[in-house]
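Student: Chain residues, written in single-letter form:
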Amino acid sequence: MMKFLRRSKSAASAKERLQLVLIHDRTDLNATELEALKDDLIATISRHVAIDPLGVVIHIAQDGRSQRLVADIPLRSANQRRR
Amino acid sequence: MTAKVVTITSGKGGVGKTTSVANIAVALASRGQRVVCIDGDIGLRNLDVVLGLENRIVYDLVDVIEGRCRLRQAMIRDKRLPELYLIPAAQTRDKTAVSPSDMIRLCDELRPDVDWILIDSPAGIERGFRNAIAPADRVLVITNPDVSAVRDADRVIGILDAEEKGPVSLIINRVNSDMVRRGEMLSVEDVLDLLAVHLIGIVPEDENVIVASNRGQPLSLDGKSRAGVAFQNIARRLMGEEVPFSELETPGLWQRLLGRRR
Ligand SMILES: Nc1ncnc2c1ncn2[C@@H]1O[C@H](COP(=O)(O)OP(=O)(O)O)[C@@H](O)[C@H]1O
Ligand SMILES: [Mg+2]
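Chains as they are written, first to last, in the working numbering: chain H, 36 to 118; chain R, 33 to 294.
Misleading hints may appear alongside valid ones.
Heads up, simulated DSSO-like pairs for lysine-lysine below, C-alpha to C-alpha not over 30 Å straight-line [unchecked claim]:
hint	chain 1	residue 1	chain 2	residue 2
1	R	K44	H	K50
2	R	K256	R	K111
3	H	K44	R	K44
4	R	K197	R	K44
5	R	K197	H	K50
6	R	K44	R	K256
7	R	K36	R	K197
8	R	K36	R	K256
9	H	K73	H	K50
Okay, the calculated beta carbon distance ranges per label pair [as the list claims (entries may be wrong)]:
hint	chain 1	residue 1	chain 2	residue 2	range
10	R	L103	H	K44	50 to 58 Å
11	R	G272	H	R100	20 to 28 Å
12	H	I80	R	G272	49 to 57 Å
13	H	I95	R	E141	44 to 52 Å
14	R	D193	H	R82	33 to 41 Å
15	H	T62	R	T34	37 to 45 Å
16	R	D126	H	K44	37 to 45 Å
Calculated directly from the structure, the hints in this document are not laboratory data.
Bear in mind that the values here come from a model prediction, so they are computed numbers and not experimental data.
Glycine is no exception: its CB is placed at the ideal position from the N, C-alpha and C atoms.
Same shape as in the complex, but just chain H (with noise of 0.2 Å):
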């Protein structure tokens, strides 16, 4: 209850902004510039196998003070590529 009331107040949001302004402080990458790393990584893959566009999701991950990029990449199937 207590921790209930306490994240409804402006230190969570303090909070969750600086995370988000961390983040790009420390990477350099605004959101504009990881949507473009986004569609490069989605051509250059492409090349090698067949995914599923829509359903990549990439976004930096912390572990301490550093940021670790992770991209999440569904394939396609091989029974799908052949229809």
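Given the coordinates of chain H, work out where chain R with the ligands should sit on it, guided by the hints.
Tutor: Structure of chain R with the ligands alone, referenced to chain H:
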């Protein structure tokens, strides 16, 4: 015996660097340590007034570096504590009068004679900051629990990591536990989640800090105020003592701290 050089810096201005240097220096000196503080904020001298030593300045940091006086002549001795000295900043010069290698040379000259050299860094990430961190064995980054101070602290921590000045330690200053309880201020836990860095001190918002600087009588001289105790704890941790973060502990803090020791 050779001194440890500890630089206190922040990114954002006004978060409490000078206050911390003065109080940590006094706390170390009152534990029998020999301490020299250097005001690295050339052109915006402040450590002298916070320590109450402003009337005794004859020579300053730039005078030493430019050879107008000997190092000893620029070291103002604090009469309240036998082994506390201040090397004041020059007031009428700018930061370009000092270089990082000047600071390294100056500290190397001091090292054999004292236990601690504390450097008060200017705000920002420019020349004055570079000068202040150049000789540091250890860097303490100070922040307040607010969005801009935390953001700027992150920037500075990133630079320090890249320059291999880390791992740095964090002081969170001006914590208002009542506001934290109401959810209107970032908690210690929140700040540690965001910055992912080692914590060395939590200092409460305390009006005694302002009273003390009005008088030029650092808090940790008496040690009864909450902020004074917090600064003494930081000094003890610097000396290698394990001091629990008791008074201002917030829920979940313990797990955080245990998980984060490096
Ligand atoms: N814990 C605190 N509680 C109340 N006031 C504080 C605290 N820490 C710093 N202050 C006040 O904040 C102001 C800025 O502090 P200062 O140490 O000069 O910051 P900086 O050196 O980082 O610019 C000063 O007026 C100081 O008295
Ligand atoms: Mg200052």
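Student: All hints, please: hold or fail.
Tutor: How the hints compare with the structure:
For the suggested pair R:K44 and H:K50, the alpha carbons sit about 18 Å apart, so the restraint of at most 30 Å is met. Proximity of R:K256 to R:K111 is assessed by CA-CA distance (about 21 Å); at most 30 Å being required, the pair is judged to hold. At most 30 Å may separate the alpha-carbon atoms for a hinted pair to count; H:K44 and R:K44 meet this at roughly 25 Å. Simply put, R:K197 and R:K44 have alpha-carbon atoms about 19 Å apart, close enough for the 30 Å limit, and the pair holds.
Of the supplied pair hints, the one linking R:K197 and H:K50 holds, its CA atoms being roughly 27 Å apart against a limit of 30 Å. Annotation: proposed proximity of R:K44 to R:K256 holds, straight-line Cα distance about 29 Å (limit 30 Å). In summary, the hint linking R:K36 to R:K197 is supported, as the alpha carbons are separated by about 14 Å, within the 30 Å threshold. With a C-alpha separation of about 27 Å, the suggested pair R:K36 and R:K256 falls inside the 30 Å cut-off, and the hint holds.
At roughly 27 Å between alpha-carbon atoms, H:K73 and H:K50 fall within 30 Å of each other, so this suggested pair holds. For R:L103 and H:K44, the Cβ-Cβ distance of about 52 Å falls inside the hinted range of 50 to 58 Å, so the restraint holds. R:G272 and H:R100 have their C-beta atoms about 24 Å apart, which keeps the hinted 20 to 28 Å range intact. In this structure, H:I80 and R:G272 meet the distance hint of 49 to 57 Å, their C-beta atoms being roughly 52 Å apart.
Roughly 46 Å separates the CB atoms of H:I95 and R:E141, a value that falls within the hinted 44 to 52 Å. Taking the beta carbon of each, R:D193 and H:R82 are about 37 Å apart, inside 33 to 41 Å as hinted. For H:T62 and R:T34, the hinted distance range of 37 to 45 Å is satisfied, since their beta carbons lie about 39 Å from each other. Range check, R:D126 to H:K44: Cβ separation about 43 Å, and the 37 to 45 Å hint holds.
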